[in-house]
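For chain R, the structure is supplied; the task is to place chain S on it using the hints.
There are 2 protein chains.
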Amino acid sequence: MSRWKPDGRGRLEKAALELYNHKGFEATTVAEIAGRAGLTERTFYRHFADKRAVLFPSDNPLPAILADATASAPVPLPPLEVVTHALIEAAPVYEEREDLVRQRQAVIAANPELQERELAKLAALAATLTQALRERGLDTTTAALAAEIGIAAFKVAYERWINDPDEHTLAQHIRETLDTAKHLTTPAEHAAATDNVSFTGQQGTA
Amino acid sequence: MSRWKPDGRGRLEKAALELYNHKGFEATTVAEIAGRAGLTERTFYRHFADKRAVLFPSDNPLPAILADATASAPVPLPPLEVVTHALIEAAPVYEEREDLVRQRQAVIAANPELQERELAKLAALAATLTQALRERGLDTTTAALAAEIGIAAFKVAYERWINDPDEHTLAQHIRETLDTAKHLTTPAEHAAATDNVSFTGQQGTA
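In the order they appear, the protein sequences are chains R and S. The numbers in the working numbering rise by one with no breaks, and the one at position 24 of the first sequence is 24. The numbers in the working numbering rise by one with no breaks, and the one at position 53 of the second sequence is 53.
Bear in mind the hints are in silico, worked out from the structure with no lab data behind them. These figures come from a predicted structure and were not determined experimentally. Worth double-checking, as some hints may not be accurate.
Note that identical chains are pooled: a pair holds if it fits in a single copy or bridges any two copies.
As the list claims (entries may be wrong) - Derived EDC-like pairs: lysine to aspartate or glutamate, alpha-carbon spacing no greater than 20 Å straight-line:
1) Lys23 <-> Asp99
2) Lys182 <-> Glu81
3) Lys14 <-> Asp50
4) Lys121 <-> Glu98
5) Lys155 <-> Glu176
6) Lys14 <-> Glu96
7) Lys23 <-> Glu96
8) Lys155 <-> Glu116
9) Lys51 <-> Glu159
10) Lys51 <-> Glu113
11) Lys155 <-> Glu89
12) Lys14 <-> Asp68
13) Lys14 <-> Glu26
14) Lys121 <-> Asp166
15) Lys155 <-> Asp166
One chain only, chain R, in its complex shape:
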């Protein structure tokens, strides 16, 4: 068994995601995950508190990345650009694990309880961003608003990336989505934007 150990965590994660997608999150047991990975239950519990922790690991690096990127963004940047910068800094965490991320998303989409937990995690990221923006000197409302709008745009960008048949990166989707957000308040520009877009344009042309 020891020769497998170095990648134990990765193999447990892969086995868990396959089982969650194949037979459902609720129906999958830790014993089955460990068995499929060729490891013991004891090893599973050394890496994860329970089967939900495979989907929501306690050592999630995103809060620290968002906080650090927000703190180190250039000072004269407008609030939403700071948030965009931070989200793009966090994109590689998803991009580097694209296949696993897609599988994870399918599991969550199939289970309302996991969806609620995912929303809670996104809300926690918004709170992290709000705090980091306040530490840059922004007032509470502006900080909360920029953070919540940033996370809202991230949700849309992430959904687009997951379902993107082309080769665009998550970072590109984040940038595009937040650029689109700027046009949402201007009727003329918006009309022009949607008239010219053939792939993601008006519903009738999509």
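Relative to chain R, chain S alone:
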């Protein structure tokens, strides 16, 4: 008992919120709620499926209000203005029950599981808005983005309204918050806006 019946639901709701705040949501039983309201458990279950349904009623009027207001908004309005219009149309649902809404919010803030459910309800409202915007002819991304940003701004406006020591209405907070959102992408305007605001301005002056 019959003389109380016409307001049975309202009295059950009031009794439940008081108990949830006083001894905690988990620790409160349906028997206690009914007893405090001077009604039977049977009557409770005629109005609510369980004690969580007091906080998340199945006959929530908000989805229909948001969908109708989105459909009936003037056609040349930009997407985020349509959403603002819809959210302001929904504001009276909260404003007319201000004391109950405050109590409800305190119960939810004290319980992570209820917070997750509240986030799920807000996500469902965003989905309702997205669908209504698509029916106006907007492409999927623009519709989803405007809806998610609208709900993100609503969360901030709602939080401000709940904690507002002044007499501002929820509708005013929604309008102000979404106006603030427009300045988040422009550094100069943003700086000017926060420099001039003494109550909700830069953290140092708040």
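Treating 20 Å as the Cα threshold, decide for Lys155 and Asp166: within, between, both or neither. This pair counts as within: shortest intra-copy Cα distance 19 Å, inter-copy 34 Å.
Within, between, both or neither: how does the pair Lys14, Glu26 come out at a Cα-Cα threshold of 20 Å? Only inside one copy: Lys14 and Glu26 sit 17 Å apart there, 36 Å across copies, limit 20 Å.
Give the relationship of Lys121 and Glu98 under a CA distance limit of 20 Å: within one copy only, between copies only, both, or neither. Close inside one copy (19 Å), not across copies (29 Å); limit 20 Å.
When no copy is specified for Lys155 and Glu89, does a C-alpha distance of 20 Å or less occur within a copy, between copies, both, or neither? within (16 Å within a copy, 26 Å between copies)
Alpha-carbon proximity context of Lys155 and Glu176, limit 20 Å: Answer is within; shortest intra-copy Cα gap is 13 Å, inter-copy 24 Å.
20 Å Cα cut-off: does Lys23 pair with Glu96 within a copy, between copies, both or neither? Neither: 26 Å inside a chain and 47 Å across chains, both beyond 20 Å.
Taking 20 Å as the upper bound on the Cα-Cα distance, should Lys182 and Glu81 be classified as within, between, both, or neither? both (11 Å within a copy, 13 Å between copies)
When no copy is specified for Lys23 and Asp99, does a C-alpha distance of 20 Å or less occur within a copy, between copies, both, or neither? within (19 Å within a copy, 46 Å between copies)
With identical chains, the pair Lys14 and Glu96 could be close in the same copy or across copies; at 20 Å between alpha carbons, which is it: within, between, both, or neither? within (15 Å within a copy, 51 Å between copies)
Can you give me the call for Lys14 and Asp68, within, between, both or neither, at a CA distance of at most 20 Å? neither (30 Å within a copy, 45 Å between copies)
Given identical chains, is Lys155 near Glu116, meaning Cα to Cα at most 20 Å, within a copy, between copies, both, or neither? both (14 Å within a copy, 17 Å between copies)
Between copies, within a copy, both or neither: which fits Lys51 and Glu159 at Cα up to 20 Å? neither (24 Å within a copy, 34 Å between copies)
Comparing the model with each numbered hint stated earlier shows that hints 7, 9, 12, 14 do not hold.
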